[in-house]
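Q: As they're listed, the protein sequences go chains A and X. At the far end of the first sequence sits residue 184, using my numbering, and the numbering has no gaps. At the far end of the second sequence sits residue 157, using my numbering, and the numbering has no gaps.
Source of the hints: derived by calculation from the structure; they are not laboratory data. For each residue, glycine too, the CB sits at the ideal point set by N, CA and C. All clues given are correct.
One side of the interface only, derived from the structure: several residues of chain X facing chain A at Cβ under 7 Å:
1. S76
2. G87
3. L88
4. L90
5. K93
6. T95
7. S143
8. R144
9. F147
10. G148
11. G150
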Amino acid sequence: NAGVTQTPKFQVLKTGQSMTLQCAQDMNHNSMYWYRQDPGMGLRLIYYSASEGTTDKGEVPNGYNVSRLNKREFSLRLESAAPSQTSVYFCASSVDPGIPGNEQFFGPGTRLTVL
Amino acid sequence: GNSVTQMEGPVTLSEEAFLTINCTYTATGYPSLFWYVQYPGEGLQLLLKATKADDKGSNKGFEATYRKETTSFHLEKGSVQVSDSAVYFCALSDGASGSRLTFGEGTQLTVNP
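For reference, chain A alone in the conformation it holds in the complex (with noise of 0.2 Å):
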């Protein structure tokens, strides 16, 4: 059992670029998230995805998409990355969003850097 797997672990970008994160989850979860943090702000919400073909927008999404590939996987990508884009990308999964105090299980991060 894995848990929240990501990958790369790091990634060095030049501008303009484009690239994929990945995310999978093996604890059958049906809610998926993709998150940011940047030094002094903790973490901000991007994308997330409440349940299998369904997406929405978190607080900071402009300049990423995202694909909930199957219960599984949770993509996000950046079409055109961006210096302001540097940051660390956490990816987490929940059982159920509609449960009061239900966790959010978070994968070990991707670290990027955009030059």
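Fit chain X to the supplied structure of chain A, relying on the hints for placement.
A: Just chain X, lined up with the frame of chain A:
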């Protein structure tokens, strides 16, 4: 909208000292409250939670009580250890919008031997 405010950090303590990290929130309705911990180089993991007013969450010697009257969820531990050195995040979920979490800024705790 929802928001979470944590005490400014970083915090540096000696081993066996008492720890308090303040957290206050703004939310509509009756949110669930969480403390997550991030050890160096790792993702976040749930430390404790509370889902209604006056609930106390506890784990690994840490405690926090959901105070609706003061909109607070302060984290406490009576005697910290070097292994508690990490970043601590207060967060809330209002149960709507896919249970999205709203995080505070995080507080870096360093415990010296």
